[in-house]
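Enquirer: Protein chains in written order, with my numbering: chain A, 1 to 333; chain B, 1 to 333.
Mixed in with the good hints, there may be bad ones.
When chains are identical, the list treats them as one kind, so a pair holds in a single copy or across two.
List of simulated lysine-lysine pairs, DSBU-like, C-alpha gap at most 35 Å [what the hints assert, rightly or not]:
1. LYS143 - LYS32
2. LYS184 - LYS30
3. LYS201 - LYS260
4. LYS30 - LYS322
Quick caveat, the hints were computed from the structure, so don't treat them as lab data.
Each chain, letter by letter, is given below.
Number of protein chains: 2
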Amino acid sequence: MNIYDVAELAGVSIATVSRVLNDSPSVAEKTKQRVRQVMEEHSYVPSGFSRGLGMNAMKTIGLICPDAADDYMAKAVACLEHSLRDYGYDCILCCSGYAYEDCQIAVSALLRRRVDALVLIGSVYAADDPDSERVNYIRDAAKQTPVFLINGYVRGDGVYCAVCDDYGASYSATRELLASGRRKILFLTDVNTVSTNLKRKGCEDALAEAGLTLQGDLNVGLSNQINQTRDYLLRLQGLDVDGIFAANDALAVGALKYAKRRGLAVPEDLCIIGYNNSELSVCCDPELSTIDGRESRLCQIAIDSIKLCLCGRPAGGKVSAKGCLVRRGTTDF
Amino acid sequence: MNIYDVAELAGVSIATVSRVLNDSPSVAEKTKQRVRQVMEEHSYVPSGFSRGLGMNAMKTIGLICPDAADDYMAKAVACLEHSLRDYGYDCILCCSGYAYEDCQIAVSALLRRRVDALVLIGSVYAADDPDSERVNYIRDAAKQTPVFLINGYVRGDGVYCAVCDDYGASYSATRELLASGRRKILFLTDVNTVSTNLKRKGCEDALAEAGLTLQGDLNVGLSNQINQTRDYLLRLQGLDVDGIFAANDALAVGALKYAKRRGLAVPEDLCIIGYNNSELSVCCDPELSTIDGRESRLCQIAIDSIKLCLCGRPAGGKVSAKGCLVRRGTTDF
Chain A
1 MNIYDVAELA
11 GVSIATVSRV
21 LNDSPSVAEK
31 TKQRVRQVME
41 EHSYVPSGFS
51 RGLGMNAMKT
61 IGLICPDAAD
71 DYMAKAVACL
81 EHSLRDYGYD
91 CILCCSGYAY
101 EDCQIAVSAL
111 LRRRVDALVL
121 IGSVYAADDP
131 DSERVNYIRD
141 AAKQTPVFLI
151 NGYVRGDGVY
161 CAVCDDYGAS
171 YSATRELLAS
181 GRRKILFLTD
191 VNTVSTNLKR
201 KGCEDALAEA
211 GLTLQGDLNV
221 GLSNQINQTR
231 DYLLRLQGLD
241 VDGIFAANDA
251 LAVGALKYAK
261 RRGLAVPEDL
271 CIIGYNNSEL
281 SVCCDPELST
291 IDGRESRLCQ
301 IAIDSIKLCL
311 CGRPAGGKVS
321 AKGCLVRRGT
331 TDF
Chain B
1 MNIYDVAELA
11 GVSIATVSRV
21 LNDSPSVAEK
31 TKQRVRQVME
41 EHSYVPSGFS
51 RGLGMNAMKT
61 IGLICPDAAD
71 DYMAKAVACL
81 EHSLRDYGYD
91 CILCCSGYAY
101 EDCQIAVSAL
111 LRRRVDALVL
121 IGSVYAADDP
131 DSERVNYIRD
141 AAKQTPVFLI
151 NGYVRGDGVY
161 CAVCDDYGAS
171 YSATRELLAS
181 GRRKILFLTD
191 VNTVSTNLKR
201 KGCEDALAEA
211 GLTLQGDLNV
221 GLSNQINQTR
231 DYLLRLQGLD
241 VDGIFAANDA
251 LAVGALKYAK
261 RRGLAVPEDL
271 CIIGYNNSEL
281 SVCCDPELST
291 IDGRESRLCQ
301 IAIDSIKLCL
311 CGRPAGGKVS
321 AKGCLVRRGT
331 TDF
């Protein structure tokens, strides 16, 4: 017994059967009764697939992130999947990588699946300017299905954004670094995204107010892990800094390992600040001071926003959460 | 122009249109030509959804793991999704949690989506005995769609398993611990899975050969993180061990932090061995000796096996990879 048999026996189309399964108001009550009677008489068990047949889509949400193995993104994926499944939606996951073209391909691949919503995790999907033409592919996608960004801001109809104030958090942390007497600050990153740019700008603006500039701005590259970051820094000739601001915790731990090799006391000789407040930050010794990017808050904002949107009450364009410094052993303020 | 219009204009069912889109051999060449002509004349662009309409399923693989935020599982999810997408399949992700009933619910939820294959990541989906009735739900699932297990073994038709020899790896590592003179070994875990049981058994059997038993067998619970593990150990009265074998790296880092608080020299007073060779193992100081569970190898075995299966040449029931100890600073052998 499949949906085709039900349709034939009830004398309706399979799309109508599907609409009955979804209790769509567009089907007459009498027709619904007839179809349901056929189902009952033949003990028909509908598949998720048959539920979706007559609708625009099965209940499915597309989750896109650059790399689901990344600690930050893995947490967001797990949190979103859990809440959305509770809400009755399956999640199709797509790891796009960081390249602009691959991000576009990922979005169109999931649009072809007629997902009920798209969630993009990470600022790589945004542009420095929320009105930039570079993110027209996001605005175009939002014409077909609502789009939710986690830590990225794109202005457009049907685009909903939950962002951490990376600029403000970095600005404040750098002000504290300066107040503690540090002057020679290195900025360390592994990928250039909108979020990285905001962190760097927060740092630079705080320094500029004190008449200073960054002592260095290094990108160690995505393929470099903790010990590669340490070695990268060790290879630099004449690196002389008293503060390192790292765009994520793995980089910061690499910086800490560099300091140990160089015989620098942390935090006395060198303060180190990471970003994301990940599990890594409590593995090292001393534990890492790191900015909490409020990831779980951003996910919650997105989930609330998705639920409102899917029941026809879209709300908000951009909602911000405030990042904050978690003080541990690699700073002394 | 949608699939219904194409069907009407070509005088066929939508299922036939879908079969033409998939170039199914069950449609006559003449019919195919007629349908394709209609599509061309009306510039019809098929959606992934319409491709799936007449088939058992769209090209979709279900990925199930207990927790996508867990480092081990996140890596497997990312690796599988990447390779399967390259191969033309979308992945629906489902995080089941660890409870037996929830694992069953996750499997049936994805079966309802008529996935082309199911991949279950983690030994929580297996049973200590591969013939156990407890895993009949896996065997039942395999009657509908092929099932691939990553680090779990269930015997059954259509069930394909890639496993790490957790027993052997733990046995060998414990033998080395004993050869280095350690006698009082603590086993530390946070969840009881088949894999945990194999690790414990490997440890116990090596000890038994030396006429010894475990000094302790502690489960700190899943909700406990690194510092909670440290505190858990600190609270124990009279804990006197010279070797800790931890079922994952986070637990091992917790043990290392316990040792530091207690003023124990690592590895001289206390050897610590973790499991998974995760990023955490190079964050701590000294770096963690840990067993590499050959996760990426297991994923590759599963991917190869899925590809063979999906093109009609299923191979293998169970394929094993050998785990190995990665020697770093928390051991001296």
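Enquirer: For each hint, tell me whether it holds in the structure or not.
Expert: Okay, the hints, checked on the actual structure:
1. LYS143 - LYS32: For LYS143 and LYS32, both the intra-copy (32 Å) and inter-copy (33 Å) Cα distances are at most 35 Å.
2. LYS184 - LYS30: Answer is neither: 77 Å inside a copy and 75 Å across each miss the 35 Å cutoff.
3. LYS201 - LYS260: Classified as within: same-chain Cα gap 28 Å, cross-chain 39 Å, threshold 35 Å.
4. LYS30 - LYS322: neither (54 Å within a copy, 63 Å between copies)
Consistency with the previously given hints fails for numbers 2, 4, ordered from lowest to highest.
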